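J.: Protein chains in written order, with this note's numbering: chain A, 1 to 576; chain B, 1001 to 1073.
Any given hint could be a false lead.
[As the list claims (entries may be wrong)] Under 7 Å between C-beta atoms, here's a sample of chain B residues computed to sit facing chain A:
no., residue
1, Arg1002
2, Glu1039
3, Thr1045
It should be emphasised that the hints constitute simulated quantities derived from the structure, not laboratory data.
These figures come from a predicted structure and were not determined experimentally.
Just so you know, even glycine gets a beta-carbon here, dropped at the ideal spot from N, CA and C.
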Amino acid sequence: MKSHEKSGKQILSYASFCLGNLGHSAFYGVMSTYFVIFITSSMFSGMQASIAGKLIGLITGLMVVIRIAELVIDPILGNIVDNTKTKWGKFKPWILVGTLVSALLLLVLFTGIFGLAQKSWLLFAVLFILIYIGFDIFYSLSDVSYWGMVPALSEDSHARGIYTSLGAFSGTIGWNGLTIIVVPIVTSVTYMVTGKHEEGAAGWLAFAAVISALAIVCALIVCFGTKEKHNIIRNSAKQKTSLKQVFGAIFHNDQILWPSLAYLLYSLAYIITNGILFYMYKFVIGKPNEFWVVGVIATIIGFCISPSFPILNKYIPRKWLFVAGQTCMVLAYVLFIFGRNNVILMDLGLVLLNINFAQLVTVLTLTDAIEYGQLKNGQRNEAVVLAVRPMIDKFTGTVSNALVGYVAIATGTATAADMTAHDINTFNIIALYIPLILAVLSIIVFLTKVTLSEKKHAAVVEELKDKLAEGKIENDKEEPDASVTNEIVYAPADGELMNLSEVIDENNKPFPGKGFAIKPSRGRIYAPFNGKIKFTFITKHAFEIVSDEGLQVVVHVGLGTVNLRGKGFETYYDDG
Amino acid sequence: MRKGDLLLEFDRDLALENGYQDTVIVFYTQPRKIVKTSEVETGKTVKHGEEVVSVEFREAIKNSEKTMGLQAE
C-alpha cells in the first residue's frame, strides 16, 4: 500500500492538475458568457440591423439547444473516452486534442468565420451551426477527460479529494480572472487597431486568443505533469448516469429534491445577476471600465469563503450557513437597487453577493441524502446524486445564456445615454428583482423542506446500521434449497475478540444482529476475506463487503464515530 | 480486494477524545441465511489475518454475479 509522503512527484502532479483547470475554466467562461456578449455587441456591427438581429437570435437560440443536448451527449462522450487505449492513457489524448481543436474552432467563431457574415449571412448561419457543434463536442471531450482523470491519478480517497478541490479552486480563479482582464484587453487592443476607445471585434478576438492559448498551455501542463496509474481497477463505467436515472433519484428522495430546488433557485439568481452585471456597468451605471472590480471582489471573497466553511460549520449547522449566505445575497440586491450611485455601496453589494455557502451546503446535504435514500428505498444512488449539482449548474448556465442574449438583443448597440426610465425598469426586473425573489424563495425552501441536517444524518446512519444488522436492508430470504457454503472470516484488525452482545453502544443498547467485535490495539482495518467492497458510508466509518463465496458483512469502525463525519478516517480502496 | 489488504486507517485517539468508542464490529447483513458459525474465542488477542470464525451460510448467488466478482479482482 502507498505511504502518504508528499514526494516531489506527488506535488508536481497536484500542481499540474490544479493549473489545468485555470485555463480550462477560463476558456469555459469565454465560451459561455463572453462569446454571447461579443456576438451581440460586435460580431455584426456594420450589418443591416434586421439581419443582425435575426442572426443573434438564431445563434443564442442554438447555443441554448446545444447546451441542453449536452446533458444527453456527455455520457456518450464519456464512453468514447473510456474506450480509448493509447500508450499515454485514455484521458490525456482527449484533454489535449479536445482543448486544441475547440480552441481553434472558437477562434474561427470569434473572427466571425473570417467575416463571412458580411458576405453571405445564410452560408454563415449554416457554417456557424456546424462549427459550434464541433467546438462544443471537443470542449466536452476535454472536460469529461479532465474530471474523469481524478480516479486514475490516485487510489486514495484523501488524495482524490485534494485533486478535486485544487481543480475547483483554480477554476474559480480562472473564471473570475476573466472578469478582471476582459475589458482592459478588449478595449486596449481595439484601440490599437482602430484608434477608438471602445469594444470592437479585434479586441474580442485578441481576448479569445489569449484565453485559448492559456487553455492549451494548461492542458499541456496537465498532460506532462500528471501520471495515470494503470495498476488499479477503476469502475468509471459505473459512474455513467442517464438523465432518467438522475430525475428518478431526485423525485424518489425528498431530501435530494428539496436541496436541489433550493440550490436551483440560488444558482439561477446568482448566474442571472452575474451574466447581466456587465450590462449593468455598461448601461445603467455607465462605467464599463470599472467592471473589473466585479472579478477582483469575487476572487477575493472566493478565496476566503471556501476555507472558512469547515471552520464555521464546526459551530454553526450548515442549514444556518445556507440561510446566512442567502440573506447576504438578498441584502446585496437591496444595495444594488438603492445604492448603485455610490461606489462603496456597490462594492459592498458585490462582497455580499459572493458570500454564499449554498454550493457547499448543497453538496454536503446531497451526499448525506445517499444514506437517507438507502434507508428509505433500500437503494444507494451515489453516482446519480453526485451528478445532480453539476446538472443544475449546466441548466442555469443555459438560462443565463438565453437571458444575456435576450438583454443584448433588446439593448442592441445602445449606450448608457440611450437608456430610458422604462429600459432601466425592465433591466431592474430581470437582473435584480427576479433574482431577489429567487434568493428569498431558496431560503424558504431550505428552511421548510430540507430536514436532513448533520444530526438527522447521524440518526439515519444509526437506524440504517440497525436495520442492516437485523437483515432488513439486504435481501435476506431464507433459501432452504440453496446449497450451504462455508466462509472463514479472518481478523480485520489487531486486538481482543469480543462477543457482539458485549458491545454496548452509545445509547446503552447492546449491538444488534449476528457477528463479532474486536477491541483494537491499532487503528488499521484489513480485508477479512477475498471479495468486493459493496459500498462505503459517506462518513467512512463503516462499509459493506461481500466475499467471493457470497457472505455479506458490514465492518463498522467505532461507535458514535458517525459524528466525526469522516474526520480521522482514510480509505485505501474503490467501491466495487 | 484480497484478504489482508489494508482497507482503512482510523485515528483511534480522535474517536476516544470525542467520547466515542473505537470498537471494530463485524456483522452479517443477511442473518437469516447463516446456518451456523463456529464459536468466537472471546477475550483472545489476535493479529489481523488470524482466523476468527467459520461461517456456514446458504447462498444462491447467480453464476454471472460470481464471475463478475472474479473479473473485478
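J.: Against this structure, judge whether each hint is valid.
T.: Checked hints:
1. Arg1002: The hint holds - arginine 1002 of chain B has a Cβ within 7 Å of chain A, the shortest such distance being about 5 Å.
2. Glu1039: At 10 Å from the nearest chain A Cβ, glutamate 1039 of chain B fails the 7 Å test, so the hint is violated.
3. Thr1045: Holds - the Cβ of threonine 1045 of chain B comes within 7 Å of chain A, reaching about 5 Å at its closest.
Hint 2 from the earlier list is the only one contradicted by this structure; the remaining hints agree with it.
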